[in-house]
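*Asks:* Single-letter residue listing:
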Amino acid sequence: MRASFVFSEVVTGLRRNVTMTVAMILTTAISLGLLGGGLLVVRTIDRMQQDYYQRVETVVYLSADISANDPGCTSSTCSALRGQLESAPGVQTVIFESRQAAFARFQRIFQGQPELLQLARPEALPASLRVQLSDPARFPSIAKAFTGRPGVDRVTDQGEYLRQLFRALDGLRNATFVIALIQALAALLLISNTIQISAFTRRAEVGVMRLTGASRWYTQLPFLLEAVVAGVVGGVLAIVGLVIGKVAFVDRVLAGVFEAAIVPRIGYADIFSVAPVLLLVGSVVAALTGYLTLRLYVRT
Amino acid sequence: MIRLEHVSKSYRTSTRPALDDVTVAVGKGEFAFLIGPSGSGKSTLLRLLLREEVASAGDVYVADLNVGRLSQRRIPQLRQRVGCVFQDFRLLANKTVSENVAFALEVIGKPRHTIRKVVPEVLELVGLEGKADRMPHELSGGEQQRVAIARAFVNRPLVLLADEPTGNLDRDISHEIMLLLERINRTGTTVLMATHDHTIVDSMRRRVVELHLGQVVRDESRGVYGVSR
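For the protein sequence lines, the chains are A and B, in the order given. Here my numbering runs 128 ahead of the position in the first sequence, where the first position is 1. Here my numbering runs 822 ahead of the position in the second sequence, where the first position is 1.
The set of hints was computed from the structure by calculation and includes no laboratory data. One or more of the hints may lead you astray.
[Claimed, not checked] Residues of chain B clear of chain A, computed beta-carbon distances all greater than 12 Å:
1. Lys850
2. Glu852
3. Gln894
4. Arg895
5. Ala926
6. Leu927
7. Lys932
8. Gly949
9. Gly964
10. Ala970
11. Asn977
12. Pro979
13. Asn990
[As the list claims (entries may be wrong)] Derived DEER-like restraints, expressed as beta-carbon distance ranges:
14. A/Gly335 <-> B/Asp843: 24 to 32 Å
15. A/Asp179 <-> B/Gln894: 17 to 25 Å
16. B/Glu921 <-> A/Pro404: 49 to 57 Å
17. B/His935 <-> A/Asp174: 34 to 42 Å
18. B/Gln894 <-> A/Asp298: 18 to 26 Å
19. B/Ser878 <-> A/Leu416: 32 to 40 Å
[Claimed, not checked] Derived contacts from chain A toward chain B, CB cut-off under 7 Å, selection only:
20. Ala131
21. Phe133
22. Pro217
23. Gly218
24. Arg330
25. Met337
26. Leu339
27. Thr340
28. Ser343
29. Tyr346
Beta carbons: idealized from backbone N, C-alpha and C, even for Gly.
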């Protein structure tokens, strides 16, 4: 096998249908870029989930009586509740938040809205026991055990709001993947088409190769490599696109969100951990498409 | 060297078989004409020898290879032993004369130093030394056919098949091509040439195998084209 010969055939082939080659590479790049974007969204969501579920709490709001008269959770009702919560399975920590502490926190959160602060009175806020669960899925059993108990007003789970948020993010991710898939289909058809055109424009060479007894690898490898080149170049462009997208769009538009640590920052490390996947998917899928096209459409 | 035993070939599109129970053998180093009108089965026979087609019945042998039974992977082995030239030359228009010849060696993976040595030798054999760097369109028809013959012969095949190689050439040039094929035959290469050029067949006085409607109707060791046509 003479590598230089095969290589020069590949270059000739790609140069001969420049427009098709460009179209094939761009479509592949867009498809892989969307795939990469989807993978980054998945990584971000995963990290957000870990981060958020660690921070969310199950809150047992206490009755008005306890809220008003028991600022240190020393009454028998309150301390019994706390004790039972602490010994319940799946509970990590239990912290008592008095009415005053709740009001202080409220003031901190809404310090930007003085009108709201003026209206607020500490009496409006209940005291609570804030429960950190080692496993958020434990919430229903806690809720069931403590709802309606003396001294308990209601039991809420902050995780429920998060689940709604993550459902929205999952939808975003799925939409990205669907678009990537449609693009991928277009890319596959273009690759297949380009190989057919390439084989047609080189039918004289291929004819001579067959007659002189070139092996199938020799006649078909240049076409396969053309497809793989498209896959790899498309992958590289996709990675460049992701980097540009990060610098020019995500970092700017989501700057505030990153600053507030609401969404974990997408770093270069994330992009470069997705990069090999894109290159691999690009080249393998392109090679398979090329191989099938040659088997189906090009006579050997 | 070439042997067909009770070979028939039918195409799905035709009711009459292209070849009908053909048995013929061409020995090593022999020169034979394959004659007959259009549609008599000459080209089909050559295509069977190259495994471009597979016989519907019977066996085709080239050297020690049972052509019809070859696996896809071993077809190149057959074609490396069988050189082939055509009426339309089939040169690559964007390659020079020597590149055209070298191409046949490159695609079967011959090392570069071999190619550099062998290509000028074979160009000299066909009388094209000095035209190595010309493009095919700069050559006359006869010269183009010489390039095609050089390409077919450069890998020293056991058999050279020629399908109407003089079909596009005038009489004098055709004669020169025949002299070249004779020279190649003298190196020990078996030559089988399909033609319906009376003058050439009559002047060469070589073996003649005549096909008619897919059957061998004549096989003479020093034949002429025949008076009936």
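*Asks:* Evaluate each hint against the coordinates.
*Replies:* We went through each hint and held it up to the structure:
no., hint, in the structure
1, Lys850, "holds, 20 Å"
2, Glu852, "holds, 22 Å"
3, Gln894, "violated, 7 Å"
4, Arg895, "violated, 8 Å"
5, Ala926, "violated, 4 Å"
6, Leu927, "violated, 8 Å"
7, Lys932, "violated, 8 Å"
8, Gly949, "holds, 22 Å"
9, Gly964, "holds, 20 Å"
10, Ala970, "violated, 10 Å"
11, Asn977, "violated, 7 Å"
12, Pro979, "violated, 9 Å"
13, Asn990, "holds, 17 Å"
14, A/Gly335 <-> B/Asp843: 24 to 32 Å, "holds, 31 Å"
15, A/Asp179 <-> B/Gln894: 17 to 25 Å, "violated, 57 Å"
16, B/Glu921 <-> A/Pro404: 49 to 57 Å, "violated, 40 Å"
17, B/His935 <-> A/Asp174: 34 to 42 Å, "violated, 58 Å"
18, B/Gln894 <-> A/Asp298: 18 to 26 Å, "violated, 48 Å"
19, B/Ser878 <-> A/Leu416: 32 to 40 Å, "holds, 35 Å"
20, Ala131, "violated, 10 Å"
21, Phe133, "holds, 5 Å"
22, Pro217, "violated, 66 Å"
23, Gly218, "violated, 64 Å"
24, Arg330, "violated, 10 Å"
25, Met337, "holds, 5 Å"
26, Leu339, "holds, 5 Å"
27, Thr340, "holds, 4 Å"
28, Ser343, "holds, 5 Å"
29, Tyr346, "holds, 5 Å"
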